[in-house]
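Please put together the full structure from these sequences, using the hints given.
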Amino acid sequence: MKPLDIVVTSMGARFLGRHFPCSVGRGGIVPARAKREGDGATPAGTHRLVGMLYNPARLTAPADWALPVSHADRWSDDPRDPDYNLMVRLPHAFGHERLMRPDPLYDLVLLTDWNWPEAIPGRGSAIFIHTWRRPRFPTAGCVAFARHDLLWIAARIKHQTRLVIRE
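The opening position of the sequence shown corresponds to residue 28 in the working numbering, with each subsequent residue numbered one higher.
Worth flagging that the hints you see were computed from the coordinates, not collected in a lab. It is possible that some hints are incorrect.
[Unchecked claim] Each pair of labels, with its calculated beta carbon distance range: (1) P162 <-> D32: 17 to 25 Å; (2) G65 <-> K185: 29 to 37 Å; (3) G44 <-> G65: 31 to 39 Å; (4) H175 <-> P148: 34 to 42 Å; (5) G122 <-> R85: 19 to 27 Å; (6) P109 <-> A173: 19 to 27 Å; (7) R60 <-> A99: 14 to 22 Å; (8) R163 <-> A90: 36 to 44 Å; (9) M28 <-> L178: 17 to 25 Å; (10) R60 <-> P95: 29 to 37 Å; (11) G122 <-> D91: 17 to 25 Å; (12) H175 <-> R128: 33 to 41 Å; (13) R41 <-> R107: 25 to 33 Å; (14) G78 <-> P109: 16 to 24 Å.
Quick reminder that beta carbons are idealized off the backbone N, C-alpha and C, glycines included.
Here it is, written out as structure tokens:
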């Protein structure tokens, strides 16, 4: 592990010498080879952070490289979609999830390189870092933090920061 890694276990996360409570998938942390679309599991391993998205109606850009989302932005989670596990825009004929949500879950999203950029259909999409629903409430496979903790983390990540998920 490297000093700038965000290290996550089912018990919490560590970053830059601080400890944070976090949530992982309802299916727990599983070996990467076992991850499947819809299983609710968080894949163990080392994942690069490849982007940051934010809702400009609720936040200012948390970093100069963060990209705003709009009402038309979605993330494809349909294994039949040629754009599976990529950001897409409406209209979009395949299954997808909204990136600008009515709740605050995706007000700030850190994108990981899980099953990206060459996605294997069915291997799982959208392992994001985002805001949790409430303390320790499980996600659909992502890693989630309290809003103030996520904002603190986002302001301090660097190009070499990685998400390290341990079983």
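Now the hints, each set against the structure:
1. Under the hint 17 to 25 Å, the C-beta atoms of P162 and D32, about 23 Å apart, fit the expected range.
2. Hint check: G65 to K185, Cβ distance near 33 Å, so the stated range 29 to 37 Å holds.
3. A hinted range of 31 to 39 Å holds for the C-beta pair G44 and G65, which are about 36 Å apart.
4. Taking the beta carbon of each, H175 and P148 are about 37 Å apart, inside 34 to 42 Å as hinted.
5. G122 and R85 have their C-beta atoms about 25 Å apart, which keeps the hinted 19 to 27 Å range intact.
6. Restraint check, P109 to A173: a C-beta distance of roughly 36 Å breaks the suggested window 19 to 27 Å.
7. At roughly 35 Å, the beta-carbon separation of R60 and A99 lies outside the given 14 to 22 Å, and the hint is violated.
8. Distance hint for R163 and A90: a CB-CB separation of about 26 Å, inconsistent with the stated range 36 to 44 Å.
9. Between M28 and L178 the beta carbons are some 23 Å apart, a value that agrees with the proposed interval 17 to 25 Å.
10. Hint check: R60 to P95, Cβ distance near 35 Å, so the stated range 29 to 37 Å holds.
11. Checking the proposed 17 to 25 Å range against G122 and D91 shows it is violated: the Cβ atoms sit about 33 Å from each other.
12. Taking 33 to 41 Å as the suggested C-beta distance range, the pair H175 and R128 does not conform, at roughly 19 Å.
13. With their beta carbons about 38 Å apart, R41 and R107 fall outside the hinted range of 25 to 33 Å.
14. Here the CB-CB span from G78 to P109 is close to 20 Å, well matched to the stated 16 to 24 Å.
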